[in-house]
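S.K.: Chain residues, written in single-letter form:
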Amino acid sequence: MPAYPLMFTFRDAVSGNGFLAGVTLSGRALMVHEDDTWWLYGVRPGAIAETGQTPQETFLRFRNTYKMVLFDFAEESADFEAYKKEVERFYYEPDAEEERRWMEAFQDLRSGKAQPEAPFSSLPMESPETRPTQIAVECLTAIGTRFTPTDNVPDLFSRAA
Amino acid sequence: MSASVLFKDVEALKQCAKGSTWRVATHFRIVKYNNRVFPALPKHDSIELGHIRKMIRYLGIDRDCAKKILPV
Chain A
1 MPAYPLMFTF RDAVSGNGFL AGVTLSGRAL MVHEDDTWWL YGVRPGAIAE
51 TGQTPQETFL RFRNTYKMVL FDFAEESADF EAYKKEVERF YYEPDAEEER
101 RWMEAFQDLR SGKAQPEAPF SSLPMESPET RPTQIAVECL TAIGTRFTPT
151 DNVPDLFSRA A
Chain B
162 MSASVLFKDV EALKQCAKGS TWRVATHFRI VKYNNRVFPA LPKHDSIELG
212 HIRKMIRYLG IDRDCAKKIL PV
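From first to last, the protein sequence lines stand for chains A and B. Per the numbering used here, the very first residue in the first sequence carries number 1; after that it's consecutive. Per the numbering used here, the very first residue in the second sequence carries number 162; after that it's consecutive.
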């Protein structure tokens, strides 16, 4: 069974000690079938993994684990600047081995060496070049911050192709 | 159900990661080693092996040493 190189975008509002932070992350993760179950390993951010009986359950658990990590950071940060620093460290610390595995899986699928199976075959496909990894940590309680409905970002999972 | 090991057995990895620090936050255990932080080790008494494999890879814990302790 092939490994699946996935891309995702999450946006969260996180309450901290005297601040409200907006965290928008476009990242990478690798879905594999191991130990008779599904695992989703974070590539960027790299320090996260989740499992489930189905890919869909694994997505949801990965999403929730990511959010809970942001909550732990908020509890341990004295102010917004400390929180921003911690979230960015979490995002920028690379996992070189996982990045290599992600790239190999991507090349296997792009070259046709591996064929995606359901439900991955019906996931939206995107080129990694069109969705670069990035993170933005904003202080939503900063004076002058304006809010509009266009700030809302739905969770997005896609397959790199 | 994914294969799991007891946390007390996972803690034995400390002998493969001299100088590592392990502590508990509200939602997860946080392990620091090699100037890196793994903030998402589950707090359950039993931990699935994928989480441990990920932590070993991410923190750069000696795999040969880890394999003597856990089936990773």
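Source of the hints: derived by calculation from the structure; they are not laboratory data. Watch out, some of these pointers could steer you wrong.
As the list claims (entries may be wrong) - Calculated lysine-lysine pairs in the DSBU-like style (CA-CA distance at most 30 Å, straight line):
#  : chain 1 : residue 1 : chain 2 : residue 2
1  : B       : K204      : B       : K193
2  : B       : K169      : B       : K204
3  : B       : K228      : B       : K193
4  : B       : K228      : B       : K204
5  : B       : K169      : A       : K67
6  : B       : K169      : B       : K193
7  : B       : K169      : B       : K228
8  : B       : K204      : A       : K85
9  : A       : K85       : B       : K229
10 : B       : K204      : B       : K229
11 : A       : K67       : B       : K193
12 : B       : K229      : A       : K67
13 : B       : K229      : B       : K169
14 : A       : K85       : A       : K113
15 : B       : K228      : B       : K175
16 : B       : K175      : B       : K193
17 : B       : K228      : B       : K179
18 : B       : K193      : B       : K179
19 : B       : K179      : B       : K204
20 : A       : K67       : B       : K175
21 : A       : K85       : B       : K228
22 : B       : K175      : B       : K204
23 : B       : K229      : A       : K113
24 : B       : K229      : B       : K179
S.K.: A separate judgement is required for each hint: does it hold in the structure or not?
M.R.: Now for the hints, and whether the structure bears them out:
1. Restraint check for K204/B and K193/B: the C-alpha separation of about 16 Å stays at or below 30 Å, so the hint holds.
2. Simply put, K169/B and K204/B have alpha-carbon atoms about 11 Å apart, close enough for the 30 Å limit, and the pair holds.
3. Annotation: proposed proximity of K228/B to K193/B holds, straight-line Cα distance about 20 Å (limit 30 Å).
4. Our distance criterion of 30 Å between C-alpha atoms is met by K228/B and K204/B, whose separation comes to about 22 Å.
5. With a C-alpha separation of about 26 Å, the suggested pairing of K169/B with K67/A holds against the 30 Å cut-off.
6. In summary, the hint linking K169/B to K193/B is supported, as the alpha carbons are separated by about 17 Å, within the 30 Å threshold.
7. For the proposed pair K169/B and K228/B, the alpha carbon gap of about 16 Å is at most 30 Å, so the pair holds.
8. In summary, the hint linking K204/B to K85/A is supported, as the alpha carbons are separated by about 24 Å, within the 30 Å threshold.
9. Distance check on the hinted pair: K85/A and K229/B sit about 36 Å apart at the alpha-carbon level, beyond 30 Å; violated.
10. Between the alpha carbons of K204/B and K229/B the distance comes to roughly 23 Å, so the proposed pair stays at or under 30 Å and holds.
11. Straight-line distance between C-alpha atoms of K67/A and K193/B comes to about 20 Å, which keeps the hinted pair within the 30 Å bound.
12. For the hint pairing K229/B with K67/A, the CA-to-CA distance comes to about 34 Å; that exceeds 30 Å, so the pair is violated.
13. For the given pair, K229/B sits about 15 Å from K169/B by alpha-carbon distance, which is consistent with the 30 Å threshold.
14. Straight-line distance between C-alpha atoms of K85/A and K113/A comes to about 41 Å, which puts the hinted pair past the 30 Å bound.
15. Taking the CA atoms of K228/B and K175/B, the gap is about 13 Å. The hint holds against a cut of 30 Å.
16. Pair hint K175/B plus K193/B holds up; C-alpha atoms about 11 Å apart against a cutoff of 30 Å.
17. With a C-alpha separation of about 16 Å, the suggested pairing of K228/B with K179/B holds against the 30 Å cut-off.
18. For the proposed pair K193/B and K179/B, the alpha carbon gap of about 11 Å is at most 30 Å, so the pair holds.
19. The straight-line distance between the Cα atoms of K179/B and K204/B is roughly 21 Å, inside the 30 Å bound, and the hint therefore holds.
20. A threshold of 30 Å between alpha carbons decides the hint, and for K67/A with K175/B the separation of about 27 Å falls inside it, so the pair holds.
21. Proposed proximity of K85/A and K228/B is contradicted: the alpha carbons are some 34 Å apart, above 30 Å.
22. Only pairs whose Cα atoms come within 30 Å are accepted, and K175/B paired with K204/B is accepted, the gap being roughly 17 Å.
23. Taken as a hint, the K229/B and K113/A pair is broken in the structure, with Cα atoms around 35 Å apart against an allowance of 30 Å.
24. Taking the CA atoms of K229/B and K179/B, the gap is about 16 Å. The hint holds against a cut of 30 Å.
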